[in-house]
Amino acid sequence: MMSTNRLHALTTPDEVPEMCQFDSLMASSGLTAPTSPLDEQTVLTALGEFFRLAGTLTRIPTEKDDTFVLNGNQDRLLVKISGAQEAPSVVNLQTAVLLHIAEAAPTLPIPTVLHGTDGEYEYDLAQADAATARVLRVMKFLPGSALSDSHPTREQISAVGRAQAAITDALTGFTHPQQDRILVWNLRYFPILRPLLEEVADPEDRMLGERIFDAYAECVQGRIPQLRHQVVHGDFSAHNVLVDGSHPEYVSGIIDFGDTTRTAEIFDVAIAMSNQLDADADDPWHRALGLLSGYATRRMLDDSELSLLPIAVASRSLQRALIARWRAQQDPSRADYVLSHAAHDWTVLRSIGTTWSPVVDCIYSINESLST
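In this text, residue positions in the sequence shown follow our numbering: the first is 1, and each later residue adds one.
Calculated directly from the structure, the hints in this document are not laboratory data.
Using N, Cα and C, we set each Cβ at its ideal position, and we do this for glycine too.
Check before you lean on any hint, since a few could be wrong.
Claimed, not checked - Pairwise CB distance ranges (calculated): (1) Pro203 to Thr107: 46 to 52 Å; (2) Gln74 to Asp202: 21 to 27 Å; (3) Gln41 to Ala279: 41 to 47 Å; (4) Ser371 to His115: 14 to 20 Å; (5) Pro248 to Arg206: 43 to 49 Å; (6) Ser340 to Asp169: 27 to 33 Å; (7) Ser304 to Asp214: 27 to 33 Å; (8) Pro177 to Ser351: 17 to 23 Å.
Stated by the list, open to error - In the SDA-like style, the derived pairs of lysine to any residue whose C-alpha atoms are separated by at most 20 Å in a straight line are: (9) Lys140 to Thr95; (10) Lys140 to Asp180; (11) Lys140 to Val69; (12) Lys140 to Pro61; (13) Lys140 to Leu44; (14) Lys140 to Ala84; (15) Lys140 to Leu242; (16) Lys140 to Ile60; (17) Lys140 to Gly173; (18) Lys140 to Asn71; (19) Lys140 to Ile224; (20) Lys140 to Asp283; (21) Lys140 to Pro225; (22) Lys140 to His115; (23) Lys140 to Asp280; (24) Lys140 to Arg228; (25) Lys140 to His239; (26) Lys140 to Gln74.
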């Protein structure tokens with residue numbers, strides 16, 4: 001076991017070619033093989049060696065890594081060990097983002113990354129003959145309940161949008177050698193997922209998916225180079241936002257920076273909005289538009305980008321539905337977790353359809369009301 005400072009291969013990956021095979025994208029994203037769970041005693045031994053911590057571990061279901069809650073210390077702690085296919089340099093990107101935000105905007109409720117007894121933040125738990133590192137990090141556990149389990153008011157969902165904008169503000173100007181890593185969750189690579197539609201059983205759902213891919217290709221894909229880009233959270237979902245109704249800002253925690261990357265800012269907003277679509281409401285967009293209104297009070301989106309938002313939102317929902325099904329087949333041990341995060345995507349996609357002009361009008365109305 002050793003500090004990972006000497007492990008970082010800080011080279012920027014090559015851009016994925018337009019006709020890149022689906023398997024190449026998944027391999028670059030670290031999703032082509034299951035990660036064998038580390039046994040708890042190995043983790044406890046490392047915690048004692050590097051952090052002088054002890055206690056009881058409780059495993060938390062995740063997409064591809066090993067995550068535990070550690071109880072028995074002064075603070076409740078979160079213990080994360082990267083997946084076997086995740087490069088140490090990518091883990092370092094996530095750590096660097098958290099440290100940067102903590103310095104640039106110290107009041108934002110993000111996890112505090114703890115350093116070990118030698119001052120490092122990352123440690124390799126892999127065996128000496130392992131092909132890749134398994135990077136250990138420890139963070140303080142944040143209070144609050146998941147936004148996905150809450151029923152926010154209009155003002156509260158607006159506060160979620162403001163919190164997302166504050167994170168983006170804090171990351172403005174941040175750079176890292178792995179910021180342009182290839183990641184399947186980056187919406188710029190959405191067209192590569194199209195072959196997964198062949199596995200969708202319902203013909204009407206397949207047709208709906210085809211219309212979304214066509215709209216993205218026609219309206220979004222060619223515009224990507226002109227969109228505003230920066231490093232963003234990358235997964236501002238209702239599962240990664242902790243809330244507390246008694247908290248002055250409502251948002252009590254912003255967690256899971258595992259999809260941090262440099263991409264179009266509007267894609268990051270679309271991710272958050274897609275998680276607020278409500279198929280059971282008379283207007284499935286009402287919470288998503290409330291989040292956008294909060295975001296725009298702090299960071300106005302460019303008028304030329306606004307018309308792309310509904311397509312990007314629908315693309316994110318379809319992206320999540322397709323990847324979740326594929327992931328569940330590839331790694332059955334994590335199927336419950338990945339499918340739970342995409343359980344309602346097809347229902348939502350059916351509810352919003354592909355007639356987006358009224359939504360665009362609402363988006364422009366929000367923007368105009370805030371610019372006057």
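How the hints compare with the structure:
{"no.": "1", "hint": "Pro203 to Thr107: 46 to 52 Å", "verdict": "51 Å, holds"}
{"no.": "2", "hint": "Gln74 to Asp202: 21 to 27 Å", "verdict": "52 Å, violated"}
{"no.": "3", "hint": "Gln41 to Ala279: 41 to 47 Å", "verdict": "45 Å, holds"}
{"no.": "4", "hint": "Ser371 to His115: 14 to 20 Å", "verdict": "44 Å, violated"}
{"no.": "5", "hint": "Pro248 to Arg206: 43 to 49 Å", "verdict": "47 Å, holds"}
{"no.": "6", "hint": "Ser340 to Asp169: 27 to 33 Å", "verdict": "31 Å, holds"}
{"no.": "7", "hint": "Ser304 to Asp214: 27 to 33 Å", "verdict": "21 Å, violated"}
{"no.": "8", "hint": "Pro177 to Ser351: 17 to 23 Å", "verdict": "41 Å, violated"}
{"no.": "9", "hint": "Lys140 to Thr95", "verdict": "13 Å, holds"}
{"no.": "10", "hint": "Lys140 to Asp180", "verdict": "28 Å, violated"}
{"no.": "11", "hint": "Lys140 to Val69", "verdict": "10 Å, holds"}
{"no.": "12", "hint": "Lys140 to Pro61", "verdict": "18 Å, holds"}
{"no.": "13", "hint": "Lys140 to Leu44", "verdict": "16 Å, holds"}
{"no.": "14", "hint": "Lys140 to Ala84", "verdict": "23 Å, violated"}
{"no.": "15", "hint": "Lys140 to Leu242", "verdict": "14 Å, holds"}
{"no.": "16", "hint": "Lys140 to Ile60", "verdict": "15 Å, holds"}
{"no.": "17", "hint": "Lys140 to Gly173", "verdict": "26 Å, violated"}
{"no.": "18", "hint": "Lys140 to Asn71", "verdict": "11 Å, holds"}
{"no.": "19", "hint": "Lys140 to Ile224", "verdict": "37 Å, violated"}
{"no.": "20", "hint": "Lys140 to Asp283", "verdict": "38 Å, violated"}
{"no.": "21", "hint": "Lys140 to Pro225", "verdict": "38 Å, violated"}
{"no.": "22", "hint": "Lys140 to His115", "verdict": "11 Å, holds"}
{"no.": "23", "hint": "Lys140 to Asp280", "verdict": "36 Å, violated"}
{"no.": "24", "hint": "Lys140 to Arg228", "verdict": "33 Å, violated"}
{"no.": "25", "hint": "Lys140 to His239", "verdict": "18 Å, holds"}
{"no.": "26", "hint": "Lys140 to Gln74", "verdict": "10 Å, holds"}
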